[in-house]
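K.L.:
Listed here are the chains, written in short residue letters.
2 protein chains.
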Amino acid sequence: MALKIYHMIINDLAIQAKQASIQLSALNTEIKNKALINIAKSLDKNRERIISKNKTDLETSEKNNIGFPLLKRLKFNDDKINTVIKGIQSLVDLPDPVGKTISAIELDKNLELYKVSCPIGVTGVIFESRPDALVQISTLCLKSGNAVLLKGGSEASNTNKILTEIIAESTKDAGIPEGWIQLLETRSDVDEMLKLDEYIDLVIPRGSNEFVKYIMDNSNIPVLGHAEGICHVYIDDEADIEMAIEVAVDSKIEYVAVCNAAETILIHKNIAAQVLTGLKQKLDEYKVEIFGCAQTQKIINVSAATEESWKTEYLDYKVSVKIVSDLNEAIDHINTYGSGHTDTIITSNTIAANKFLNLVDSGNVFWNCSTRFSDGFRYGLGAEVGISTNKIHARGPVGLEGLLIYKWLLKGNGQTVKEYSANNKSFIHKKLEKDFNL
Amino acid sequence: MALKIYHMIINDLAIQAKQASIQLSALNTEIKNKALINIAKSLDKNRERIISKNKTDLETSEKNNIGFPLLKRLKFNDDKINTVIKGIQSLVDLPDPVGKTISAIELDKNLELYKVSCPIGVTGVIFESRPDALVQISTLCLKSGNAVLLKGGSEASNTNKILTEIIAESTKDAGIPEGWIQLLETRSDVDEMLKLDEYIDLVIPRGSNEFVKYIMDNSNIPVLGHAEGICHVYIDDEADIEMAIEVAVDSKIEYVAVCNAAETILIHKNIAAQVLTGLKQKLDEYKVEIFGCAQTQKIINVSAATEESWKTEYLDYKVSVKIVSDLNEAIDHINTYGSGHTDTIITSNTIAANKFLNLVDSGNVFWNCSTRFSDGFRYGLGAEVGISTNKIHARGPVGLEGLLIYKWLLKGNGQTVKEYSANNKSFIHKKLEKDFNL
Numbered sequence: 080m081a082l083k084i085y086h087m088i089i090n091d092l093a094i095q096a097k098q099a100s101i102q103l104s105a106l107n108t109e110i111k112n113k114a115l116i117n118i119a120k121s122l123d124k125n126r127e128r129i130i131s132k133n134k135t136d137l138e139t140s141e142k143n144n145i146g147f148p149l150l151k152r153l154k155f156n157d158d159k160i161n162t163v164i165k166g167i168q169s170l171v172d173l174p175d176p177v178g179k180t181i182s183a184i185e186l187d188k189n190l191e192l193y194k195v196s197c198p199i200g201v202t203g204v205i206f207e208s209r210p211d212a213l214v215q216i217s218t219l220c221l222k223s224g225n226a227v228l229l230k231g232g233s234e235a236s237n238t239n240k241i242l243t244e245i246i247a248e249s250t251k252d253a254g255i256p257e258g259w260i261q262l263l264e265t266r267s268d269v270d271e272m273l274k275l276d277e278y279i280d281l282v283i284p285r286g287s288n289e290f291v292k293y294i295m296d297n298s299n300i301p302v303l304g305h306a307e308g309i310c311h312v313y314i315d316d317e318a319d320i321e322m323a324i325e326v327a328v329d330s331k332i333e334y335v336a337v338c339n340a341a342e343t344i345l346i347h348k349n350i351a352a353q354v355l356t357g358l359k360q361k362l363d364e365y366k367v368e369i370f371g372c373a374q375t376q377k378i379i380n381v382s383a384a385t386e387e388s389w390k391t392e393y394l395d396y397k398v399s400v401k402i403v404s405d406l407n408e409a410i411d412h413i414n415t416y417g418s419g420h421t422d423t424i425i426t427s428n429t430i431a432a433n434k435f436l437n438l439v440d441s442g443n444v445f446w447n448c449s450t451r452f453s454d455g456f457r458y459g460l461g462a463e464v465g466i467s468t469n470k471i472h473a474r475g476p477v478g479l480e481g482l483l484i485y486k487w488l489l490k491g492n493g494q495t496v497k498e499y500s501a502n503n504k505s506f507i508h509k510k511l512e513k514d515f516n517l
Numbered sequence: 080m081a082l083k084i085y086h087m088i089i090n091d092l093a094i095q096a097k098q099a100s101i102q103l104s105a106l107n108t109e110i111k112n113k114a115l116i117n118i119a120k121s122l123d124k125n126r127e128r129i130i131s132k133n134k135t136d137l138e139t140s141e142k143n144n145i146g147f148p149l150l151k152r153l154k155f156n157d158d159k160i161n162t163v164i165k166g167i168q169s170l171v172d173l174p175d176p177v178g179k180t181i182s183a184i185e186l187d188k189n190l191e192l193y194k195v196s197c198p199i200g201v202t203g204v205i206f207e208s209r210p211d212a213l214v215q216i217s218t219l220c221l222k223s224g225n226a227v228l229l230k231g232g233s234e235a236s237n238t239n240k241i242l243t244e245i246i247a248e249s250t251k252d253a254g255i256p257e258g259w260i261q262l263l264e265t266r267s268d269v270d271e272m273l274k275l276d277e278y279i280d281l282v283i284p285r286g287s288n289e290f291v292k293y294i295m296d297n298s299n300i301p302v303l304g305h306a307e308g309i310c311h312v313y314i315d316d317e318a319d320i321e322m323a324i325e326v327a328v329d330s331k332i333e334y335v336a337v338c339n340a341a342e343t344i345l346i347h348k349n350i351a352a353q354v355l356t357g358l359k360q361k362l363d364e365y366k367v368e369i370f371g372c373a374q375t376q377k378i379i380n381v382s383a384a385t386e387e388s389w390k391t392e393y394l395d396y397k398v399s400v401k402i403v404s405d406l407n408e409a410i411d412h413i414n415t416y417g418s419g420h421t422d423t424i425i426t427s428n429t430i431a432a433n434k435f436l437n438l439v440d441s442g443n444v445f446w447n448c449s450t451r452f453s454d455g456f457r458y459g460l461g462a463e464v465g466i467s468t469n470k471i472h473a474r475g476p477v478g479l480e481g482l483l484i485y486k487w488l489l490k491g492n493g494q495t496v497k498e499y500s501a502n503n504k505s506f507i508h509k510k511l512e513k514d515f516n517l
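These protein sequences, in sequence, are chains A and B. In this text, residue positions in the first sequence follow my numbering: the first is 80, and each later residue adds one. In this text, residue positions in the second sequence follow my numbering: the first is 80, and each later residue adds one.
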């Protein structure tokens, strides 16, 4: 019985969010920006309350001996509050992405068709233990007119609760419909949410790969995200060797725990002997363990790679190395074992580069630069909603535009289809150079 | 054991299609257009073979007493061959949608990021018993660089087989990789296909609603389509009554068996008495059975609507009618019971129209015109891949662009992220006005 009541609750939160999303989709820019400014002001005013709740979270986590990197991400101090406030201010300055006319066409005299951007509706976002992510995600949703159900890392539960309260209150004051932001508190809340495809339009999971996979397998709601980041550096036989080593090392070790770090280095056989010695020397400096194919092992002294090595996302100071006989083998290897995330070729041969960029079926394909550039901030997208390895909707780093879709609006003066079917009238389909306006 | 071998076969077809799709994605416009022209020529040359196979299908269907409308759609005669050939010629004339630069940005000197359109990859299309649909869909996929697994209505199996053979052969001669087009033959083939999310990127089901729902519930592959078309006409109190009746009748009866036909008419209470008598008179001419709410029944003599009526897609000469107390109730009703397909408001009040267009959460929202305009041909999109009630990727009538996504291509000269993390370099994020080119 208790369980049933509990189910009802998540269902109700989703219904509230759905209702709010309809109103939110039609709010004008001024109201949304005023609400964003209110959030910033309120965060500033409530620093003490926020930091004190965050201390509770930090103390519990310390007692539970969670590691230093997680503690560092969990900490929400004055500096981090300043950063999120700054982020909100940049978001206010961005143009409203909603209501933009994507195309306009005159179907016939006084019958005008407009394709106009609009919010997706209700999103469910599951994110890691950084309280700043809660503020970033919810303000991105607000600016793009979407309602949001949030679930953050449990370590941050007190901080997330106070932040959600502050955001809900300060946006209500600005005229944003209540219920647009909802905080889920447990993993079983998430399980309930995943069933609510009637009310929730998109789920964006950020976090561990297993969890993202679990979500993809357990919901009918479309998922925007990536389960794995098995990224490759391919060093072609016409590569500048020094550049190749620099880029491969950067791709591997600049930040090993992230999805756009390289996990496999592929090397053309003609250049392998020259590359491998220098590469190993550099990787040794960073204590990177190398798993090499049989050919690689003939040149440098490293552990043996297995079939499993090509499928492994280490997220660690480990890397797989394979010698390939040509560019085609490299492309095939990437399309077979890669995760469609980010892959780079190092070559001075434009034809080879072009072939690689065309045939590697990944969201981000690079030439002569590090895989680590694959990131919303580096791409200049502003804040990032997530990184997607989907093949539809949005691919690669996804900014605000990933939270948008469009509507077709048709404005007539009494036209019926009968007149066109009977050939009394015919369509002119003339492109219009104007924005939607009634 | 036999079953296991069978499973292998569909899996193998999908792998072949995936491999072909990689090559196909990089083919230049000339080769794709040459292949399209070859298809048209080959269809023209093989008219007799095609028509003879189609006769076999027609005879079997006649024996099985399938109805006249289905027989008419199944028939593939000289006229229909001419029409598909004409369609292919228009497709040749269309610009190549692949390889278009969507945006270009200079991240830093000699570090240029391009967002470039590319095919989705492998699509699975399930379509009705019209052999012309097979030609249209496969040529749309070819032009957009996608491989395709096709499953048509079983009544057309002989016609579909010969058409697929002709298309496969004539495209092979033009240099298109083999395996890009595959014909599935049974419903259990489709079930197998739905499991292959590793190789298939998008499923487009066209056909009965139950079947589309079944697919949406039984696959991890993204689905582009619509399960229902519960479309509404709302007659506002400031409507021109004559126009309102014309548009409502057209929306209902111009073609009752299609998804964009109206199923419910909502009428503002202030105008109900005036509208209902005239509306009933017109609907009576077409023998449309009306299911009215209690208020409606007080004004005209009609059957009683139940809660179920508002959720019913009749696809028949039947309609639900409800009197609402205001615009808000109309919008709420549509967002509650509608299927997000197509809804129209009849009013001379611009503010009411604007509110309706903003707040009705459907792919197609109209003002003063028939719901029946919601169609790829009428929208001027060229051939239509399908109609989508999705909230992501593509919405409403979907043309070629629904088969496309994009890649991020980054062109550097040895840049590493380390240099930017260490603040030695910073991003400039300058918009470039040029197309991708190596």
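Keep in mind that the hints were calculated from the coordinates and are not lab data. Computed from a prediction, not measured in an experiment: that's the story for all the values here. Don't take each hint at face value.
If chains are identical, the list can't say which one is meant, so a pair holds when it fits in one copy or spans any two.
[Claimed, not checked] Below, in silico cross-link-like pairs of lysine-lysine (DSBU-like), each with a Cα-Cα straight-line distance of 30 Å or less:
hint, residue 1, residue 2
1, LYS434, LYS366
2, LYS504, LYS359
3, LYS504, LYS154
4, LYS120, LYS165
5, LYS361, LYS377
6, LYS97, LYS510
7, LYS274, LYS292
8, LYS113, LYS361
K.L.:
If a hint holds in the structure, say so; if it doesn't, say that too.
P.N.:
Status of each hint after checking the structure:
1. LYS434 - LYS366: neither (34 Å within a copy, 62 Å between copies)
2. LYS504 - LYS359: between (73 Å within a copy, 27 Å between copies)
3. LYS504 - LYS154: between (67 Å within a copy, 28 Å between copies)
4. LYS120 - LYS165: within (11 Å within a copy, 63 Å between copies)
5. LYS361 - LYS377: Within one copy, since 19 Å is at most 30 Å while 86 Å is not.
6. LYS97 - LYS510: Answer is neither; intra-copy 35 Å and inter-copy 36 Å both fail.
7. LYS274 - LYS292: Intra 16 Å, inter 16 Å, cutoff 30 Å: intra and inter.
8. LYS113 - LYS361: Answer is neither: 52 Å inside a copy and 50 Å across each miss the 30 Å cutoff.
Violation of the numbered hints given earlier is confined to hints 1, 6, 8; the remaining hints are satisfied by the structure.
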